[in-house]
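Chain V is already provided as a structure; the job is to place chain C on it using the hints.
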Amino acid sequence: MMKSTQQLEQQLKRHSKAAKLEIWGKVVSFSALILIVAVVVGIIGFVASKGLATFFTNHVSLWDFLSGKSWNPGVTDANGKPEVGALPMIMGSFLITVLSAIVATPFAIGTAVFMNEISPNKGAKILQPVTELLVGIPSVVYGFIGLSVVVPVTRAIFGGSGFGILSGTCVLFVMILPTVTSMSVDALRAVPRYYREASLALGATQWQTIYKVVLRAATPGLMTAVVFGMARAFGEALAVQMVIGNAALMPGSLVDPSSTLTSVLTTGIGNTVMGSLQNNALWSLALVLLLMSLVFNLIVRLIGRKGRLQ
Amino acid sequence: MMNPKTQNKVAIGTLYGVAGLVVLILLALLGYILVSGLPQLSWHFLTAPAKAFLKGGGVGVQLYNSFYLLILAMLISFPIALGAAIYLYEYAKDNWVTTTIRTAIEILSSLPSVVVGLFGFLFFVVKLRLGFSILSGAFALTFFNLPLLTRSIEDSLRTIDTTQREGGLALGLSRWETVTRVILPAAVPSILTGVILSAGRVFGEAAALIYTAGQSAPALDFTDWNPFNISSPLNPMRPAETLAVHIWKINSEGIMPDAKAISSGSSAVLVLAILLFNFAARYLGKRLYKRLTSA
Numbered sequence: 004m005m006k007s008t009q010q011l012e013q014q015l016k017r018h019s020k021a022a023k024l025e026i027w028g029k030v031v032s033f034s035a036l037i038l039i040v041a042v043v044v045g046i047i048g049f050v051a052s053k054g055l056a057t058f059f060t061n062h063v064s065l066w067d068f069l070s071g072k073s074w075n076p077g078v079t080d081a082n083g084k085p086e087v088g089a090l091p092m093i094m095g096s097f098l099i100t101v102l103s104a105i106v107a108t109p110f111a112i113g114t115a116v117f118m119n120e121i122s123p124n125k126g127a128k129i130l131q132p133v134t135e136l137l138v139g140i141p142s143v144v145y146g147f148i149g150l151s152v153v154v155p156v157t158r159a160i161f162g163g164s165g166f167g168i169l170s171g172t173c174v175l176f177v178m179i180l181p182t183v184t185s186m187s188v189d190a191l192r193a194v195p196r197y198y199r200e201a202s203l204a205l206g207a208t209q210w211q212t213i214y215k216v217v218l219r220a221a222t223p224g225l226m227t228a229v230v231f232g233m234a235r236a237f238g239e240a241l242a243v244q245m246v247i248g249n250a251a252l253m254p255g256s257l258v259d260p261s262s263t264l265t266s267v268l269t270t271g272i273g274n275t276v277m278g279s280l281q282n283n284a285l286w287s288l289a290l291v292l293l294l295m296s297l298v299f300n301l302i303v304r305l306i307g308r309k310g311r312l313q
Numbered sequence: 059m060m061n062p063k064t065q066n067k068v069a070i071g072t073l074y075g076v077a078g079l080v081v082l083i084l085l086a087l088l089g090y091i092l093v094s095g096l097p098q099l100s101w102h103f104l105t106a107p108a109k110a111f112l113k114g115g116g117v118g119v120q121l122y123n124s125f126y127l128l129i130l131a132m133l134i135s136f137p138i139a140l141g142a143a144i145y146l147y148e149y150a151k152d153n154w155v156t157t158t159i160r161t162a163i164e165i166l167s168s169l170p171s172v173v174v175g176l177f178g179f180l181f182f183v184v185k186l187r188l189g190f191s192i193l194s195g196a197f198a199l200t201f202f203n204l205p206l207l208t209r210s211i212e213d214s215l216r217t218i219d220t221t222q223r224e225g226g227l228a229l230g231l232s233r234w235e236t237v238t239r240v241i242l243p244a245a246v247p248s249i250l251t252g253v254i255l256s257a258g259r260v261f262g263e264a265a266a267l268i269y270t271a272g273q274s275a276p277a278l279d280f281t282d283w284n285p286f287n288i289s290s291p292l293n294p295m296r297p298a299e300t301l302a303v304h305i306w307k308i309n310s311e312g313i314m315p316d317a318k319a320i321s322s323g324s325s326a327v328l329v330l331a332i333l334l335f336n337f338a339a340r341y342l343g344k345r346l347y348k349r350l351t352s353a
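Chains as they are written, first to last, in the working numbering: chain V, 4 to 313; chain C, 59 to 353.
Hints listed in this document are in silico derivations from the structure and should not be mistaken for laboratory results. Mixed in with the good hints, there may be bad ones.
[Unchecked claim] Stretch by stretch, here's where chain V covers chain C in the computed footprint (C-beta under 8 Å, at least three residues):
| id | segment |
| --- | --- |
| 1 | 134–141 |
| 2 | 194–206 |
| 3 | 225–238 |
| 4 | 254–263 |
| 5 | 332–341 |
For every residue, glycine included, the Cβ atom is placed at its ideal position computed from N, Cα and C.
In isolation and in its complexed conformation, chain V is listed as follows (with noise of 0.2 Å):
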């Protein structure tokens, strides 16, 4: 009789084939989930210990990294340190990646008010499909064009080379122009249709509402679009590799030679020997690369923080 009961007591108790089921999906799809965040944590990692080995296996002083102007790491200048100045690769990604948002933020914004606020069905109908098209075109594409097309009618206007920051910029306003101005839709969209009658309903006219109202309320979405194409223009490699010249000295002018983070990571990388110095501070710009997008991050969450429509 007890037997049976505790029999009884464990049949019950024991998880049902549902219940076993339940629990293994939850435990897959929660390693997936571990796995995505592993791989985070790898790279970042990965990344870290190697950008950090110039500065701690090689001794080369963090300043000297950010502020030092010739880049040769495999020659020693006449102090006996390595030529490992970083500031014009870093120069190179700012100017770069300023230049093309202060290029495409009023044309985005102003196709996607176009877009949004005076012809949605035109909107709708042609300039939808075409940026989402371009959104998906390759970057590769664009630095082929860029060589094709911007870098000889650089030439043919300011002489020299064509290759360059100005180059560059180009490829990267067309580049990041669909991206923001996709994001800057949806960031109008967001905004409530009440705000808009409203304005109207005062006598407004309709530049007014879009300049006094819509613009001002969607401010915050606007500006997380043009940090999103600055981080994509900063990240940017092959298209702007191809179009810079890839020479590693401070940018006199936008139309000489010059060179970016990724550009240099790109070229160098592989001609060099993993260990080496040569390597060592390659990897301290993918870990530059890697930070500036980590701050890009935190600027677009501390905007949608700030600026929530309440």
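Then chain C, alone, in the frame of chain V:
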């Protein structure tokens, strides 16, 4: 000060101009790619192997490599992304762990693809000794693809009404069964659209592949389908230059006399493939939605 009505007209006119200019730039871009590229396309161009120093090479091997890598990367990343999205949307509680995980995914999606490629080089090519191979490339593409795909699947799950979940639970199904039997079938069309669109991005990716799948495309023997032979198209351990990498490679260090013609042709192929992916995504999504639902 202009009167508000004139101001309005001027401003709206300017906006028309800006939008028109942008359309012009974008159409010129597309037009240039297609006009300069389409004349290069021929059966020979699409199937012949590349030539390093001579005119008249094709992109057959590169095109095949692109598709093979795409399929492998999708096979690896889809189950992971699906699992992650299901957990995030159906199970995860709204607490700091979930927020941290979401932040991590966002960080991964915003990492420059060069950095992902370099990590793939460090980890798969060097540490795990996979060498420049399709497998290393597929893993790098997986990392690049995971956050995008996870987010798009999660968005697809979000479009399914809560009443469907409640219905499943009310019938006595477990949460997992509700997801697999009720939610997923309803979400298939939009998941598929997301998968195809992300396939388009993976197809054109080059920066993550230069140092993982390599920059050389050894000749393939398309009659040998034993994956362990080095010249077999199925061998995952051979280096494989894709079409996108090919464009970069011949433009930055190419020595063939017709590099420009080949890049135009390859660019057109890439863009046409992306166009195809886009249309397929729309069409199949709609079609499946009609078949799978009573709508």
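Quick rundown of the hints versus the structure:
no.: 1; hint: 134–141; result: holds (count 5)
no.: 2; hint: 194–206; result: holds (count 3)
no.: 3; hint: 225–238; result: holds (count 7)
no.: 4; hint: 254–263; result: holds (count 6)
no.: 5; hint: 332–341; result: holds (count 4)
Checked against the numbered hints above, the structure breaks none of them.
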